[in-house]
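S.K.: Residue numbers (the numbering used here), protein chains in the order written: chain G, 12 to 690; chain Z, 1347 to 1486; chain A, 314 to 556.
Just to be clear, a hint being listed does not mean it is correct.
To be verified - Cross-link-like lysine-lysine pairs, in silico, DSS-like; alpha carbons within 27 angstroms at most:
1. A:K328 <-> G:K474
2. A:K357 <-> G:K15
3. Z:K1394 <-> A:K520
4. G:K85 <-> G:K298
5. G:K444 <-> G:K427
6. G:K268 <-> G:K283
7. G:K600 <-> Z:K1394
8. G:K600 <-> A:K429
9. G:K376 <-> G:K332
10. G:K15 <-> A:K523
11. A:K444 <-> Z:K1394
12. Z:K1394 <-> A:K357
13. A:K357 <-> Z:K1474
14. A:K437 <-> Z:K1474
15. G:K74 <-> G:K600
Calculated directly from the structure, the hints in this document are not laboratory data.
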Amino acid sequence: MSVKHVLTTCPYCGTGCNFFLQVSDDGRLLGVVPCKTDEISLGRLCIKGYNAHAFVQHPDRLKHPLIREGGGLKQTTWDKAFDKIVHEVTRIREKYGPDSIAVLASAKCTNEENYLFQKLARVAIGTNNVDHCARLCHASTVSGLLTSFGSGAMTNTIPEFDNADCVFVTGSNTLEAHPMIGARILTAYDRGAKIIVVDPRETPLSRIAHLSLHQRPGTDIAWINGMIKIIIDEGLHDQEFIKNRTTLFDQLKEAVKDYTPEKVESITGIPKKDLISAARIYAKTEKAMIAYAMGITQHSNGTNLVKSLANLAMVCGHIGKESTGVNPLRGQCNVQGSCDSGGLPDLYPGYQRVLDPDVRSKFEKAWGKELPGGKGLTLTCAIKEAMIGKLKALIIFGENIMLSDPNIAHVEEALKGLELVVVAEIFPTETSKFAHVVLPAACYAEKDGTFTNTDRAVRRVRKAVDPPGEARADWQIACELGKRLGASGFDFRSPSEVMDEMATLTPIYTGINYQKIDGQVIRWPCPSKDHPGTKVLHTQKFTKGLGEFAPVQHAPPAEETSEDYPLILTTGRNLFQYHTGTMTRRSPKLEREAPEPYVEINNGDARKLEIADGERVMVSSRRGAITLKARVTDRIISGSIFIPFHYAEAAANRLTNAALDPISNIPELKVCAAKVQKA
Amino acid sequence: MMAEFDPTILAFCCNWCSYAGADLAGVSRLQMPPNVHVIRVMCSASVKPEYLMKAVSQGVDGVLVLGCHIGDCHYMTGNHRTAKRVPLVKKIIRDVGIDERRVRLDWVSAAEGEKFQKVITEFVNEIKGLGPNPLRSVRF
Amino acid sequence: MREEHGNVAPALVSKGEDIGDVRIDVPYQLVNILETVYPWTSGKIAILTRRCDEKALAELFKRGLIDEARIAMIGLGCSKEQVRLCRCEDPVPTKVDVGEVSAPAKGDELEAKLSKMSSEERLKFWVGQFKKCNKCFACTSNCPVCFCDDCVLEERTFVSEPGIPPGMSFHLIRSFHLADKCIECGECERSCPASIPLLTLRKTVLKDVKELFDYTPGDKKTTSPLLTTLDDQPLVGDECNEC
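Next up, chain G with everything else stripped away, as it sits in the complex (with noise of 0.2 angstroms):
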């Protein structure tokens, strides 16, 4: 008898840690240890990571294909269920088209099974409907950055924040939700860097920061003009830098000009001193590093927030250079790598356009096939077209829409009218209900594959132990029902053939594969054989050339405070449980720790509805209401509130807006309006 150490990456958030799972000879799943020698986590984890085994054996996971028969889900065969979706699609793709067909990629699922995903929508079902739940995190930061720097990536790794000596922190909780980068910038705060947050909350790494500013929500881009005014007009821009690697300046001066820091005042709340000192330690610092998240992209303008930054970064030169740049932490294990392999409407693999006709006709090449023309729609479009009864199939591979999309009520009502969905899952959820075929999945630790961070490394997930029951990975999966569609280039015997074949069309990984990447940390882009990977982007010239400037001002978010819904409600996470759930709750310690939905209410504000703290309380905004229990602290602004979506029983999505940004479609999930009354 003996017990196996199975090294592998984490299916939390994005940093990627590395660790071991201990597995025992009749395959059970004993714990967790974290790897010593690994460049990412150097041998610490986070809570979630030290329980990343607890969810994976849980009697919950699915183990059977199930059908939808009267009325309820019944357990199927394979061939049965396959022969339903097979079916279907061809039925649904005869009578109204393939765009009326829509797949889901999934952050969750290796760059392998995207990059299948992707093919199968592309190649046999013939749309580019496929995207994933990047669009509610990050599509943002994919749009913003490709337009300044012409990448829409991470531009340092996470190693280098250790060395910063000035870390600049907006819109990300990150003790709590990357943790182990929160490590790393506590080094650097140890080392005596300056931390600088910028949060409407009082977040714990605020409360160690050296200075700590609460905004608005929704009135960020106000206070980065005003910082830029300020370094523009104390003489702290990098000249040089503005001289020869970027373009639009005179733009961007020109849009600034009126952002006083009185102005900013009275938009954002922050007081003039504290946005002048924070405007200055940047700018002279050298090595100062920006890390910014959801409260930054997840915006009706969110584009044009993460712009902003980019021109926060340019104006001072420090992009290009270890312990700079611009570095959106990622959150989902693989979101960066599902992006990579082109699980987007508008991008293959490699994030080359699929409205360029000669990328077009070399993907047409390679898969054998007339591939189809037009942007698909994106995760957020296609559920307004599904509402309006022009989406009649959705094919999710691992992906809880009815918690995590904005506006729940609406997605409800989109799934019940489709024609067909389709759920491949690791447990049963909230969207799992609405499917008429659901298809169990193995999970991180059953299937071999790889995961890219949000510092662009591509990681090795390695089998440790078998998936439960029927249940097969999604790379079989997408294989079969792609050779089932009839399609061909769907017969792959491993995800290392995957990757192969994935590598050859992507210039930015076509130097990966899997005995490289066994023994080594290589970071795209890595063009060739015998390249390393690249750690610092935009080192000697922008992707695109010169860096781009934009001439942004601030805007309004889509819905603002009324008499009815006086509060500002925004959204988020806390440490213990991750995104839905369906893996933190049936997590005992995980669960253990936060089991509760809560509604965080300013102590001021509390006081004037008369809400003790612990009173459960009823949330309500336009668009449906929750009861949940107050926590009553001093550690929100006032005017807003804050809900963690994490909890079914209380979905703080019930009350979001989907108002998009019009460029990358991502809901305004930080910013609408609410109002809270005793229950």
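Based on the hints, put chains Z and A in the right spot on chain G.
M.R.: Chains Z and A in isolation, oriented as in the chain G frame:
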């Protein structure tokens, strides 16, 4: 801050000896400062060190643990445990920078109403002199 | 420990299996790993043990958690650098089968510095450190002498803060529970993502225990003073083995 500060004090008293002693002090109308919250436990050994640590970290200004004299414990060796634990608790809080006098162990029998009064009064005065627990003003 | 996939991994190698490229320079807490794998194995297990690991095993043997007869120790001597990083004053195992014989360190500088500070300064220091705590439970998960199945730190009763950082009670309670068990392996400090100098705190408390009870953990033949009466007799009754 030192002038008129009203300390919050917890006193864990064991049912068989010190709580009875406290009762006796009350019935005998012995004057005692009002800031002490008495918590009756069956034995001083049931005061887990966790409670002492929690009290101190939440800003309680002083914690008293009162048990039977050694040899008189209703459960034989319960107070032996307490006699070993509390000195260690005091050292640990001292190690992190909290004055160890904020936690005190003493023995009071059921007949010692006067001793109870004396211990309480001494302790309250000592805590008044030490000032409020610094952890009260620390926001974590 | 051996090389695997470009990293160093802990490994349990069965008879007849290839042992691979063994490494002794990366300090995995093998006794802690042993505690997890132990119920899933049979027969005799040989384990690489540093001096601290020997002491950890002694604590586990005397509480009946691991059967001494099933364990064979392969003495691993720590390198000079490892001794320095641990501030280790007792680095040489009973028998050195692998590794070096290094001289002990001269004590913990930070501990000395803290003992000379006023209590205000000392409190400020520790509060500043504990504010960084992320409740990852690495210190408890990786500790070889932390063996409770139901950890009291997971109970809201004692650690009442609903989020992070947990208050002082987390760290104070842990210090107490380890006072009679800690063998100074330093794993808590090495795996802390917030770089809190936990080993220094452990060493400080161990000094207190030595002063109060003349007791040092790590000896099979001695019983923890928290488990004996004032006359050094074992405590009567159905006591739990913890404290």
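S.K.: Against this structure, judge whether each hint is valid.
M.R.: Status of each hint after checking the structure:
no. : hint               : verdict
1   : A:K328 <-> G:K474  : holds (24 angstroms)
2   : A:K357 <-> G:K15   : holds (17 angstroms)
3   : Z:K1394 <-> A:K520 : holds (22 angstroms)
4   : G:K85 <-> G:K298   : violated (59 angstroms)
5   : G:K444 <-> G:K427  : holds (10 angstroms)
6   : G:K268 <-> G:K283  : holds (16 angstroms)
7   : G:K600 <-> Z:K1394 : holds (23 angstroms)
8   : G:K600 <-> A:K429  : violated (40 angstroms)
9   : G:K376 <-> G:K332  : violated (39 angstroms)
10  : G:K15 <-> A:K523   : violated (40 angstroms)
11  : A:K444 <-> Z:K1394 : holds (25 angstroms)
12  : Z:K1394 <-> A:K357 : violated (38 angstroms)
13  : A:K357 <-> Z:K1474 : violated (60 angstroms)
14  : A:K437 <-> Z:K1474 : holds (22 angstroms)
15  : G:K74 <-> G:K600   : holds (24 angstroms)
Hint compliance for this structure: hints 4, 8, 9, 10, 12 and 13 are not met, and every other hint is.
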